[in-house]
Amino acid sequence: MSSAGVPHTDLWPLLLYFELVLVVVGTMLALPPFLGERRTRRTPATEQPYESGIVAVGSSQLRFSVRFYLIAIFFVIFDLEAVFIFAWAIAFRESGWPGYIEILIFIGVLVATLVYLWRIGALDWRTPRQRGIEATIHQ
Amino acid sequence: MILLWLILVPLIGGLLSLPAGRRRDNAPRWLALAALAGETALLLAVFADTVPESTWLAQIDWAWIPRFGIRIHLALDGLSLLLIALTVFLGFVAVLCSWTEIRERPGFFHFNLLWTLAGVIGVFLALDLFLFFFFWEVMLIPMYLLIGIWGHENRAYAAMKFFIFTQVSGLLMLIAILALVFLHYQTTRTLSFDYFELLEADLYPGAARWIMLGFFVAFTVKLPAVPFHTWLPDAHTQAPTGGSVLLAGVLLKTGAYGLLRFVIPLFPGAAQDFAPFAMTLGAVSILYAAKLAFAQTDLKRLIAYTSVSHMGFVLLGAFAGNAQALQGAVMTMLAHGVSAAALFMVAGALQERLHTRDMDAMGGLWTLTPRIGAITLFFSVAALGMPGLGNFVGEFLVLLGSFRVDTVLTAFAALGLILAPVYALYVMQRAFHGPASRHEVRDFGLREMGVMLCLVTATAWMGLHPQSMLAYTDAMMNGLTRTLAQRGT
Amino acid sequence: MTADALTALLPFIVLSAAAVAVMLAIAIRRSFRLVFWLTVGGLLAGLSTLPHASPVAPLQVTDLLRIDAYGLFFHALFLLSALVVALLCLAYFRRRENENEEIFVLLLTSTLGALLLVSSAHLAMFFLGLEVLTISLFPMIAYSVRASRPLEAGIKYLLLSGLASSFLMFGMALVYGDLGVLSFEQIGAHGAELEQKPLALAGLFLILAAIGFKLSLVPFHLWTPDVYQGAPAPVTAFLATVSKASVFALLLRFFTAAHAERSETFLCVLGLLAVVSILAGNLLALLQVSLKRLLAYSSIAHMGYLLTGFVAAGLLRRDLQTETIAFYLAAYTVTSLAAFGAISALSDDDRESDRLSDYAGLFWRSPWLAAVLTLSLLSLAGIPLTVGFVGKFYVFAVGVQAETWPLVATVVIGSGIGIYYYLRVVLTMIQPAGVGQRVTLHPAAGTALAAAALVILAAGLFPQPLIDAAANVPQPPPTADSP
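Chains as they are written, first to last, in the numbering used here: chain A, 16 to 154; chain B, 17 to 505; chain C, 77 to 559.
These are computed hints drawn from the structure, not numbers from a lab. Using N, Cα and C, we set each Cβ at its ideal position, and we do this for glycine too. Fair warning: there could be bad hints in the mix.
[Said to hold, decoys possible] List time: in silico SDA-like cross-link candidates among lysine to any residue, alpha-carbon distance up to 25 Å: (1) B:LYS177 <-> C:LEU355; (2) B:LYS177 <-> C:GLN507; (3) C:LYS232 <-> C:PHE246; (4) B:LYS177 <-> C:LYS232; (5) B:LYS177 <-> B:THR246; (6) C:LYS273 <-> C:LEU355; (7) C:LYS273 <-> A:GLU109; (8) B:LYS177 <-> C:SER366; (9) B:LYS307 <-> B:ARG121; (10) C:LYS232 <-> A:ALA87; (11) B:LYS307 <-> B:ALA101; (12) B:LYS177 <-> C:PHE246; (13) B:LYS177 <-> C:ARG500; (14) B:LYS177 <-> C:ILE493; (15) B:LYS177 <-> C:ARG431; (16) B:LYS177 <-> C:CYS344; (17) B:LYS307 <-> B:ARG458; (18) C:LYS232 <-> A:TYR32; (19) C:LYS273 <-> A:ARG82; (20) C:LYS273 <-> A:ALA87.
[Unchecked claim] Restraint-style ranges between C-beta atoms, simulated for each label pair: (21) B:ARG454 <-> C:LEU533: 48 to 56 Å; (22) B:THR116 <-> C:LEU362: 16 to 24 Å; (23) A:ILE92 <-> C:HIS128: 30 to 38 Å; (24) B:LEU60 <-> C:ASP544: 38 to 46 Å.
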């Protein structure tokens, strides 16, 4: 961490980069109307995903079960926590006992969260209806 | 200690009347009377062990918020004593005249009534500027509720207008107080809101002028004087009778009291510079409000405008700056308190009986209700300044005093004495003379006549023996005149 | 890590442990009452650690946290507020079966975030605390997930908070890029040359914009009314008090540490924000028919008053600034808790009593509840007898002393307008009874309201103890310019 900071003269590459980003994005947005096909006449086919004549089947707006997202979120969260553990593992010797205790607490909280998720049934793949059916079968 | 009890007794009485109202309707009424009787006893105790000549009769001074040097500093002098006596007296009147009028939630009504009284008494006693502001604002809320709950058809509007006018002007006063305190702090390095401490404050004239204006605006809104008077007709008209009595009799006097107690002593130089303007405002109030009063058909509204007109005399007298005018202002305050209360009571009684305040719908009431007629005649005559009654003494002294200061203005103000008979007699003519509009109207009963006779006696006493009152404020007014003479030169 | 540091960190440790414990308790057995008592226990335990932490203060714990009297004052305030909110939640969510316990976990974590925020001494901790607070708030706002209003409010808050966070990050990046430091103290060391460092100054302004979002200062206020209205009433109470107060406390700490008050530009911008917030907040509140929206706009105005005090006192003395802000925030917190608490007590998860017409005749249907609501409205309006008056008195006192007349005039105008809409609510409540039925008050909500009302009155009549608590706060940040 340099306490002197970055001199302003060294910032110009950053600014240039920033400008370039704007230019590129602007170009990408501005050019297509000129380069692409002129659509003067709109037909029903214009609105189709495939203008080549193949008629699309079904709706593109599929409904996914919300559980997919839940699992995805869990994955992201626990995956991210693993990064912290990696970071600790690399500095295992330097961080010593305090680091060890800290990571234990960290993992402890993670385990507690996992227990909680398991108990409230967030890891259960079935829908409530399926669970109900299963319960009646097992009776 | 006795001063603290003066404030606490109505507060406690108010709190007690809340549960009392749930059991029986009459319980809070008697409770309120008992609290006021307690007040009277306390006042008599103060009267008994003091001589009118001494300036400060009793004081208490306790720490409150040391961080800002704010103290609970209560003190009583002749002026406060007279005004508190008026407050308690009108408190009785307000309770008695609401006896049959207020049927809804009497417990809460009397709670608000007594708390308003406590706030007003606090204003008259407080000598710490923060404490003064505290009471100044505290009395607004119960008054607001009185108008807002038990008022007439347009009560919400009137209550809101009343509150916003006084509150915003009060904030200006708060800023003026703070400016005064901090200027004083800069020179002396002591942070204090104490009246006596701030009397010594050394202000440069420019600052003094602005700070004085802050106070002046707050007090003239309350008084009220002409540009700031518009809240008053609405509030008076819509308030229940008890509320109107308190508003006209007592709350307006806090504005006048503020002028006499704070504006002039704290800023004698600035006040003197400002006097011509203030006196002009007073004269304009007298004439303009009298003219407006003449144009009203609503009885309560008419009386409200006459209040503005009479308080113009107070403003005129307060800034004339000699002992006669100042004494006249005090006398006008007391006499107007009594007479306006009586007139509002009459208006309230008529409304209760006829269910209208419109004078066009009245007429010929004299034959039906001779007692009401006689009482109205008496107080109309008092209001128009008949010699021998209290109002005359006050207005005469004011004019006498201000004549020495500004002849032309006084001549104009004196025109008010011609306009007053016009509206006063107009009321008599329209409401009580002419062909009878009704068949049967209940006249004043024993309770109402009792109250009215007390008010009549008070007015006559003030007219015939004013010295008994003036003696109490003599010392203070002379002191004020001296201060003005010193700083003015 | 020394024993002192551990003692100083105890409030955080206890609160985190409480959150985990409550979560595990839910995993083991769902019981609303049990979880509630655990939460209360955790908050009380957190409070009980404060007296132990105060002797070791001021203490810098690592680069990130600084435990001092200023922070501890707010810790106490937030823990007590969370306690009140917990009581309100118990009453509000009582009808919902099997899914109401998590609100307490979120309450604990968001309180933890607020605590971290006021104690942070480093931009990283600032961000962390803010995110812990905000992320816990998203689900709290959208907690009544079956209704559309809370969901909408939650999404709005999520999006705009995300925007604010990105502003914050960008601002921090600019500051770091220009100065090369992240801790408040080191930023302050550069204070004198700040005007010559355009990038750092721009960064500070971006951070200010992010804070403006959280405080809902005009022109960053657009989310406020919708979120206030949509969120369940106890959550709104939490949002209006703990969330705002913690961000404002941080604003003071950060900008005094960074010596932003030395920059004329900065004070001008802050003053301008204050004026605009006061006027816009009050004017927009005038015609609202929803009490929660009305209070939302009034909160915008109050943040403007606070900022006025901040600017004016900043021109005078540092300790006066701390005292003014700490007192006003405490006053505002208590008052808002009472106001939103009253709304919460009248509502539950199924039905929010939000429209003004729901309050018609409340004075006669439920006198105590109406009295508390009136008291809190009067306190918001700054009428004597209430703690709000003393708060406003502080603002006027510093404003007059610093002779910032335009700001003082704005506060007067704002207060004048404010009275109108506060009294409009009171007028509605004193309308003749007849509409609606009598209200039964849940004991938990009753307790919370009684406590809040008592504090409003007691601190309004005898403010000295609260002033002492707010003023004993020594200077929050270390002065970098001391030799």
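Tested hints:
As the CA atoms of B:LYS177 and C:LEU355 are separated by approximately 20 Å, the hinted pair is consistent with the 25 Å bound. Only pairs whose Cα atoms come within 25 Å are accepted, and B:LYS177 paired with C:GLN507 is accepted, the gap being roughly 17 Å. The hinted pair formed by C:LYS232 and C:PHE246 meets the criterion: a straight-line CA distance of about 21 Å does not exceed 25 Å. Distance check on the hinted pair: B:LYS177 and C:LYS232 sit about 38 Å apart at the alpha-carbon level, beyond 25 Å; violated.
Of the supplied pair hints, the one linking B:LYS177 and B:THR246 holds, its CA atoms being roughly 9 Å apart against a limit of 25 Å. Taken as a hint, the C:LYS273 and C:LEU355 pair is broken in the structure, with Cα atoms around 33 Å apart against an allowance of 25 Å. Annotation: proposed proximity of C:LYS273 to A:GLU109 is violated, straight-line Cα distance about 38 Å (limit 25 Å). In summary, the hint linking B:LYS177 to C:SER366 is supported, as the alpha carbons are separated by about 23 Å, within the 25 Å threshold.
Restraint check: the Cα-Cα separation between B:LYS307 and B:ARG121 comes to about 39 Å, which exceeds 25 Å; the hinted pair is violated. With a C-alpha separation of about 23 Å, the suggested pairing of C:LYS232 with A:ALA87 holds against the 25 Å cut-off. Taken as a hint, the B:LYS307 and B:ALA101 pair is broken in the structure, with Cα atoms around 32 Å apart against an allowance of 25 Å. With a C-alpha separation of about 49 Å, the suggested pair B:LYS177 and C:PHE246 falls outside the 25 Å cut-off, and the hint is violated.
Between the alpha carbons of B:LYS177 and C:ARG500 the distance comes to roughly 12 Å, so the proposed pair stays at or under 25 Å and holds. A hinted pair counts as satisfied when its Cα atoms are at most 25 Å apart, and B:LYS177 with C:ILE493 qualifies at roughly 12 Å. A distance of roughly 24 Å separates the Cα atoms of B:LYS177 and C:ARG431; the hinted pair therefore holds under the 25 Å criterion. Distance restraint check for B:LYS177 and C:CYS344: the Cα-Cα separation of roughly 35 Å exceeds the 25 Å cut-off, and the hinted pair is therefore not satisfied.
Pair hint B:LYS307 plus B:ARG458 does not hold up; C-alpha atoms about 32 Å apart against a cutoff of 25 Å. Straight-line distance between C-alpha atoms of C:LYS232 and A:TYR32 comes to about 32 Å, which puts the hinted pair past the 25 Å bound. As the CA atoms of C:LYS273 and A:ARG82 are separated by approximately 50 Å, the hinted pair breaks the 25 Å bound. With a C-alpha separation of about 44 Å, the suggested pairing of C:LYS273 with A:ALA87 is violated against the 25 Å cut-off.
For the hinted restraint 48 to 56 Å between B:ARG454 and C:LEU533, the CB-CB distance of approximately 50 Å keeps it satisfied. Checked against the given bound of 16 to 24 Å, the beta carbons of B:THR116 and C:LEU362, roughly 39 Å apart, lie outside it. For the hinted restraint 30 to 38 Å between A:ILE92 and C:HIS128, the CB-CB distance of approximately 34 Å keeps it satisfied. Against the hinted window of 38 to 46 Å, the Cβ-Cβ separation of B:LEU60 and C:ASP544 comes to about 42 Å, which satisfies the hint.
Violation of the numbered hints given earlier is confined to hints 4, 6, 7, 9, 11, 12, 16, 17, 18, 19, 20 and 22; the remaining hints are satisfied by the structure.
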